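Q: Here is what each chain is made of, one letter per residue.
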Amino acid sequence: MQRAQADGAYEMWKEVLRRADVQWIHDEVKASGLRGRGGANFPTAIKWESLPDNGLPRHLVINGDEGEPSTFKDRVLLEGDPHALVEGVCIEAYRIGSHRAFIYLRGEFALGADRVQQAINEARAAGFVGTNILGSGFDLEIVVHRGAGAYICGEESALIESLEGKRGMPRIKPPLPIHVGLYSQPTVVNNVETVCTITHILKMGGAEYAKLGVNRSTGTRLAAISGHVKQPGVYELEFGMTLRDIIFGIAGGIRDDKQLKFFLPGGASFQWLINSDEHLDQVYDIDDISAKLGTTLGSGAIMVYDQDTDPLLVAWRLAKFYAHESCGKCTPCREGSGWIEKVLYRMSHGLGRPNDMDALLDISAGISPDVMKAPFTQTTICPLGPSPVSAVASLQKWFRAEVEAACGTEAQA
Amino acid sequence: MINVTIDGKTVEANPGDLLIKVAQENGVYIPRFCWHDRMKPVGMCRMCLVEVEGIRGLPPACTMPVAEGMVCHTETPAVKQAQDDVLEFLLVNHPLDCPVCDRGGECPLQDTTLAFGPGESRFVEEKRHFEKPIPISDVVLLDRERCIQCARCTRFADEIAGDPLISFVDRGGHTQVLNHPDHPFASYFSGNVVQICPVGALTAKPYRFRARPWDLATVETSCGQCAVQCRGALQSSSNRLVRLLGVDSDAVNHGWLCDKGRYGFEYVHSDARVREPQLDGKTVSWPQALDAAADALRSARDLHGAESIAFLGGARGTNEDAYAIARLAKGVIGTDNVDSQLGDGLPAELILGVNRAAIADLDTAAAIVLLAPDLKEALPVLHLRLRRAALECNVPIIDFSSVPHGLTREVTHALAPLPGEQGKRAEQLVGALNGNAADAIVAAAAATIAGRSGNIVVVLGRSNLAERSDATVQAAAALAGLANVKFLSALRRGNVHGALEAGLAPGILPGRVTIEHRDAVQQVWRTAPEVPGLDAEGILRGAIDGTIKTLVLVGADPIADFPDRALAIEALNAVGTIIALDGFGNASNQRAKVMLPVTMFGEKSGTTTNLEGRMQRVNQKVSPEGIAMDDWRIASEIALRLGDDFDLELVDEITAEMIKVSPALAGATPALLASSHDGVRIPVREHATEIKVRKNNAGLLDGEGAVSWEPIKADVEAVDVELATHESADESADESAGEAGAAVIDSGETPSADKATITAPTAEASATVAPTAASVLLTWNRIAPSVSLPGRDAYAVRLVSGPALYDHGNAVNASASIVGLRGPSKLLVSAADLQRLGVTNGTEVHVASAKGAFNIAVHAARGITQGVAQLAMGGERGANALIDVGSSATDVRVETIQ
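Respectively, the protein sequence lines represent chains L and U. Under the numbering used here, residues 1 to 413 are what the first sequence spells out, in order. Under the numbering used here, residues 414 to 1311 are what the second sequence spells out, in order.
Next up, chain U with everything else stripped away, as it sits in the complex (with noise of 0.2 Å):
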């Protein structure tokens, strides 16, 4: 640390830190336009000028490093001068349309000149002008007069995102932010730009002129959209919700969102949202429907046994939900048939059971073993950070894809495996780590990591959902048998692993213990199952053969998610009775007994965990739709009307009983949640010392509009947590709903820090509770199923497939500012391969497998190799009509028509 005297006060610094920011961290705010601190400083807008002792003029903080003895004033009569000149200059070709401009009211460029700027101008002459405003892609458009050339956004498009695709043009007075001709700002991340932007020059096309920013209540949230699950300031006007801006929360987005993040929320007030309960179709009144699901439960248990009842999704709502339902079927019902994936994830058992790692682990490790679907499509914000790790933080990235994919111009060493080979592959990694290199680039791959330092990442999903999961598996066991592993899920669904967490999948209870460890949940469950039950394969198989004879769809649709389309459609239309908990009626539940609204996303509160394990608060904005309920509330009411009364009644209480029971969760109490920065990690004993509590709970986002452009921080307090014992655990939440709780949902205030620090349990009390809990977690057993591709067709290519970011879900589909955006279906072969057709770019061909065909463009893609093609899942013209469940690999025959 050095010594730096800003304004007469000494200070500490870290030697090389930017002036701006030191100044900031202590209490001195210098003003500023072009200077963003995530991103690299150019120092352009000459509005942080300052005088610096020995210095000759005036230097601006923002590219300024500190030095020990650093001298620095920033109010003197030449600096104030300075800022006077800057914004005067700045206000010249501005076209102060503030009235009309959306801008208006959290402007900075506004707020600067109230602050800091001369008060009048002496401008006589023409100002600049040009068309305005001008759309530079489908969603975001600009106005040029307004722009004041800080570069916030071609750096953000350039160096964050890695879409250059928009940048200066023309220069002097008629400089310009332009895209280039012909080729719109089509970014996945385009809405950062719009939030960063210091003037109302960018603005988005879903909140135009839709409120006024002083009208604006906010509260602090996580968006659902991926399992990436953003921080986000929610943000609503007359009780609708017009605006998400991201966060900068340093575990996990940076402060960035992607656009079906920001914009995707359009859903909630979307006219196709079920309102009121269906009962055969017909409206009917909450008690009616709830006794009908309930009717419907029972007599099927009771004739057919609780295994003919099985229970798919609950990845979608909170954790509390989650947790509901788990404990619906599994401690009411006795069913464990579950499964929250839909046959496009991995075994629980391997997610929950290996070492995870943490999304910030990306940017020391040793090395990023990338074994993903695309993570610009499937978990974009996750995909900037791997970007980050690579460029910023120089992380090498060994990468496991068959086809090109965003992050393709990063990756250090591709191995690529071909389609079902990434076992095969992953084991010939390890054996070069072991010194037997099988060729020449897993040598390269293993001398890279073995050149550094740190962990390994392992980022693990379904790298091609036309495969079964067991390739995967089996890299996934050759690698987790290295020292200094770690895994970072890669699963997709929003909290699919608050899902897995809560119990939802086969043979797997509340906090990531396996059914043999029932003792926790007995504590409060009226019984738990004692055979590992079905997963969605094995489900949907079940409603065929007719074992399956009640399913509960839990915002679910297999028929669209479901990588066998064939095979969902079948089950669904064999099995008996379909109950459904939706937002949307949809493909699966259109034949339901019963549906039942629910609440989605805004409308409710509670907890969510990412895909790091992470475990933070969401919070309510506006009532919901019709008289929607949270899932949670439906499951406890159906519960009741089986006997047994879960005496529910605040979203707090449902964490505090989750807490109770799961033993990875020991330690947390709802309190704790709420006032956490970045909330818990999962086991929260385990990383009890990355739990930072906010030091202004209401500072972050105190109900007003939050400022916009800067990045959105809380305040961190380093105090030392103190975790909860289970039994503190409980009176905190008995407290914490009657008074803290209930605050967070009615004003957007998250309850003092204080309350959240639990009272210090006796040191014989953790003692007990943390050894029992740490022993019985689920510890993955790396057990591999044998991996058998079958014999190539040399007519046939091999097929890989993954979401698309822009997919035919609800979020999308019922998204108007979206849904445009979602480009049509093609098929993506080699060079080679489009030439042995003997076709065209562009070209409609004939796909076929055993499970379906259709027509469809096909085009030839740069780094794909011959004998493989890929295509998305969903849609009329999705993979999932062409795969086969049962097969370890999905081989298509590709015709030309005549």
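Excised from the complex, chain L in its bound form (with noise of 0.2 Å):
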């Protein structure tokens, strides 16, 4: 607690309960641009105003359940800097007028959770949280919750479904979380790194904010860079900058002085990217990237692999992980998952058959439709199920001949 006041930390909530100008965070928050960092990218400052003025009570949801191959940039403000959380959650929480808030994390984040708690109990006993915080009448408890390890749980319905103690499967859309949410209230769900950037926000001024990054792309966000990476790890980074610049720039290059084969550029469900010029000098942009190569930036995870990389495994691994991660709710999902499982599996142990690409691309249509597509159609409820999908259609685009010289083709058999 003393190191993170030293370094300003409970300022800006001391700031915000001596104004008591809900419409003041609100406008900066408006100005900055800020879009949710959990990958879907949603204004915050809109997902505000949908809250419906029922006089139900409202709820503040943090995600923390950070479970996606190759995503790892909210740990680092879990176990880093907790306070900063706890901040952001007063903010927040105060905006909305919310008076109970839950921060749900990843069952595994075992030391990240011992560290959110400490510092609640710190700013508890510093009079940051509790009831009329400061003297200001605004009462606030945060609940830390830990998960039982299930990726699903990331996804913001079934998060609820999980936080109210039954099994953690999405919900039926509509009615969003924002108007039904969390026993049935209004809810705000935000990403953990969200909410860390508010209180940056209010210090910047909104405005000033918005002046970095590009575009609709505004401010700076944490991207987890691992793979076959000199520097693998979590940077912040300004919007704006080229692919080139954050793979063989921040990150360093490729492992082993070895050529880029492939890279994720925004985690382990969505489309990949190959070493083309075009794909280096693509803009670290939320709108151009998917607007020019039918992939987004997700989570801000960038997966790197280099010549040598079996691009059949790696899609087999990714597949391995959503068939285990399938909550098993709806059918395309529960089965399709598994069953592009079982065909990469073979496809990459030296068991594949010639038309088993051709299936693949079947089977993926029965979860999106317009499987080559992104952002992709879906018949499932959540996203989880397409995911996989982008593994096969990353395949088919960048790879066919190299699958087809592994499993052979309908020509030769």
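Any given hint could turn out to be false.
[What the hints assert, rightly or not] With a Cα cut of at most 30 Å, we get these calculated BS3-like pairs of lysine-lysine: (1) L:K173 <-> U:K434; (2) L:K166 <-> U:K540; (3) U:K545 <-> L:K342; (4) L:K373 <-> U:K493; (5) U:K422 <-> L:K173; (6) L:K173 <-> U:K545; (7) U:K422 <-> U:K434; (8) U:K545 <-> L:K320; (9) L:K373 <-> L:K397; (10) L:K342 <-> U:K540; (11) L:K320 <-> U:K493; (12) L:K166 <-> U:K545; (13) L:K47 <-> U:K453; (14) L:K320 <-> U:K540; (15) L:K173 <-> U:K493; (16) L:K342 <-> U:K493; (17) L:K166 <-> U:K453; (18) L:K166 <-> U:K434.
To be clear, the hints were calculated from the coordinates, so they are not data collected in a lab. Note that the structure is predicted; figures quoted are calculated from it, not measured.
Taking the hints as your guide, dock the two standalone chains into a single complex.
A: So this is what it looks like as structure tokens:
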């Protein structure tokens, strides 16, 4: 606490309570153009504006169920600066008028959970959390909840189900959680990084923050860079850099000075890019990359693979993750993800058949009818279903020849 | 109403209705697995994906509420592709062991694949494997390989039954339904999940490998196990009953059945059935037996007078059976010592003479006053309806139970009277409603009622058989004085309400009239009683003191069912002659001089009447066992031998005669009963506007196997039903007896709607019949006996007792599939009393009353007041071995065994 306060923690919270001006917070965040950092990129202030005014208690839920392969940026915040999270939670709860906030953490984040809980305890001792905070009349309790190890609980409605003590399975939308969320009451669900950013926006001023970045991708974001790079890790990037700058500049280039083969610019769930000037010169911009290259920046994870990587093996490993993590609620994901995994296992282990790739595309179409298109369409309840389809589509797009070489072709058969 | 366009056709719909339902009601079937009309939608199976203009992708029709101007397409290439894909996915891990699957031939997965599926699979990997099948309860088996994870069963268990004992475990492709370790799916409603399962994943032991669906013949009927009389589709193969499915009746059971109803029909074919008439224990022919019975009755009447003869029972057959027995007893022999209740009911004047509620009235009630036994045990599907009213319709429940029961969690205000003090508490509630509250709890209950509009529905039954009915009658008298109050009877025995309506009670004649109004029956009957006779207790005491010399037991076993067993045994040992009409031998009829074997469930047609006074048709499905005969025919044959020819040959003729002499049935006809959807409620004229006629009489169950997994419903045509006058009822009966009635029995078809709609009576005729009919109907005088409770012995506990679902009756004893579900008797006391005894849960203790004593295991139960003990009726260690029917409370001593 002392360290954190020495660095200015809770100064903004005091300022918020002193100003007692909800609209000010709202205006600054709206001016900043802040978009959700969990991967869906929804503008935070617009979400607040959707809150119904129906007299029901409102809840703030912080999504810290960071469980996607290659995504580990929230963990750094949870373990490294828990007071920043607590302060952000206080400010956002004040903005939406919530008196009970829940921080839902991935079950494996034992250290993070301990540190966040300790931070809350210290904040309470210092009077920043609890009843009648600093004499303002504002009450806030913060509850830390650890998940039980299901990736699907990172999906906001499944997270709410899990928080309510039920089996973590996504709900049918509408209604959205903002209208009918936790305990059927209006609920704002925000990513850890998003809520931490709010404090900085207020410090800088929303307009100043919006000067960072490009277009509608304002400010900075944390990116977790992993794979065959020299300096993997979590970096704070300003939107607008090129992917080349990120991979070869910040991350130091490819390990052992090998060639780049392909990379996943937005985590495990979205389409891959390859070693081409077009792809490497792409600007790190949420909307631009989606419009031009049919992929997204997702949850801020970048996975890089060198020349020796077998893309089939990567696709299989990702599919295995999604097959394992499918909650089983809806048919296409439950059955389709397992089927894709089984086919990819054969293909990546020398047992491929000539028509396997076409079968994969057909199976994928059952989950995501326009297989190659991004953002994907879906026959499933939540976006987990189409996630392994991205890998299949990427194989088809960039590595069809290599797959045919491994599995044979219809003509050879 | 709003306009919605489905596949180019614009239809009207209620805003908010689900698209899948609106489409179905307008002739467009959207395939589905998880959606069930009686449960909340979950949108899981993705089979019902459709295109809706203006919405991206393919939304599921089962979670899509319709909105004005919505345009939906269900047959586009994208929808077809999605249906192909979902079915292919579902079959990926499905074992396709259809040849040995009970569902084969009536399987929604098979049928949907044929209609909407791809026809072939590209899946070459190994399928998912599970041990198959595994028992999840004593009755239900689960094959997880066949399961398609639609969650119908888990949702039913949680949402509808309130027994969330099965749920999903594991995830992804390994997702499976399972019960919790060491906790079987021991729900009274477990059979419903088998019925609504869209594949063969859930099967029930009683039906497994018993028949192929295409071999089944089906009739629609009502279950007779309790007075709810759930509608069911009764199916047979090779002249044996094999399956009963719930039919979705809005009015009664919403498609659900309890397991006792669903599987309890096995007793029909039991080896223990009496199949041939017996005289003095020896098998004889029917003429010999009937002659002997008639001789015994004649000589008793001639020697000792008609009042030396008594009839007990008659609540287990059809209305026609009950009516014929009533005519034999009251109209031929001339005795009024007739009671269809065995000391476990309520006065007939009360049940017949109060403003009666329908089951559906629960959903819109201002409040439900629960003054009844544990409905989960006594009337299980009524329990489901109350649960729904409380949870889905947010109707508050005000509870008068002294002990915890199946609905305790749903209770809003528990008034918790001590046993015997229900009347006092009801008076306090009425006082609170008049602004004079005795305590905070009645004040809160009164405030709840006052804050809502609608009727107060009192669910009225015997909440405690270990006390006289006086306290309950007193409570009813107090509550009946309120405005807007309606009573829903919670009497339990199968057709007890039909028996009371038919006059099988002292002082009562058919059609809700007292014996003062004899004119209706005297059109037909030779005589009618002039002085009210004895009830069951009076008859048994009369047998002991010698005034009752001949006892006719009509499917009655007082030794098992009368609350005071010692009194019943003494009476049956003392009585001179016993004549029994029964399907089984039992303790009470073992001394019978004449044993007359009767037909049972599924072996006969006619009508029955449920606890809301709803009279519906029941149908025969199999030939009777042995040479058993319908009760009504036996009564008619005995009457003939006593010189009174009923001249009734067919069941519809007796229905017509019953209607003719019953003021409360005026307006009905046998044909109307056969074709009306959900039957008719009594008094028929009062409820004439509720009657709906089936659009397609053959449409519900056309003799083929019913579609079991979807709610089984009949189409209803909104025609105005013209009620018959008594004269036209007669004509109609003759007509239907010849044509329509016979068709019902033979083929399971019901007669066409036009025959049901009786030609309009002249205005003059209806004007004369209706007022006369209504004015004679019984109105309860609200006179309640005073209750004086015996002083409490500080060392005794006061007993509360009611029936258990799996009781010691023939339906359970002789049904192999459910007899094992009956748990051991146990005495439930409060934790404080258990501590006072100084024993632990499950210890055998000695209980003793003035009437009897035995050893029994004692358990502490949460929610029981100190000084109160709970023990079910029936069996060697049943409460009826302890109860003294003469006392207004039963106090028992509980002692440890040294």
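Q: So, for every hint listed, does it hold in this structure?
A: Each hint tested on the structure:
Between L:K173 and U:K434 the CA atoms are separated by roughly 19 Å; this keeps the pair inside 30 Å, and the hint holds. Annotation: proposed proximity of L:K166 to U:K540 holds, straight-line Cα distance about 29 Å (limit 30 Å). At roughly 23 Å between alpha-carbon atoms, U:K545 and L:K342 fall within 30 Å of each other, so this suggested pair holds. For the given pair, L:K373 sits about 20 Å from U:K493 by alpha-carbon distance, which is consistent with the 30 Å threshold.
This hinted pair checks out: U:K422 and L:K173 have alpha carbons roughly 27 Å apart, not beyond 30 Å. Note on L:K173 and U:K545: the hinted pairing is violated, with a Cα-Cα distance of about 36 Å set against a maximum of 30 Å. Among the hinted pairs, U:K422 with U:K434 is consistent with the structure: their alpha-carbon atoms are about 15 Å apart, no more than 30 Å. Note on U:K545 and L:K320: the hinted pairing holds, with a Cα-Cα distance of about 26 Å set against a maximum of 30 Å.
This hinted pair checks out: L:K373 and L:K397 have alpha carbons roughly 11 Å apart, not beyond 30 Å. Restraint check for L:K342 and U:K540: satisfied, since their Cα atoms lie roughly 10 Å apart, inside the 30 Å limit. With a CA separation close to 29 Å, the supplied pair L:K320 and U:K493 stays within the 30 Å bound. Of the supplied pair hints, the one linking L:K166 and U:K545 holds, its CA atoms being roughly 28 Å apart against a limit of 30 Å.
Only pairs whose Cα atoms come within 30 Å are accepted, and L:K47 paired with U:K453 is accepted, the gap being roughly 28 Å. For the hint linking L:K320 to U:K540, the alpha-carbon distance of about 16 Å falls within 30 Å, and the restraint holds. With a C-alpha separation of about 23 Å, the suggested pairing of L:K173 with U:K493 holds against the 30 Å cut-off. Between L:K342 and U:K493 the alpha-carbon distance is near 26 Å, which keeps this suggested pair within the 30 Å criterion.
This hinted pair checks out: L:K166 and U:K453 have alpha carbons roughly 17 Å apart, not beyond 30 Å. For the hint pairing L:K166 with U:K434, the CA-to-CA distance comes to about 28 Å; that is within 30 Å, so the pair holds.
When each numbered hint is compared with the structure, a violation occurs for hint 6 only.
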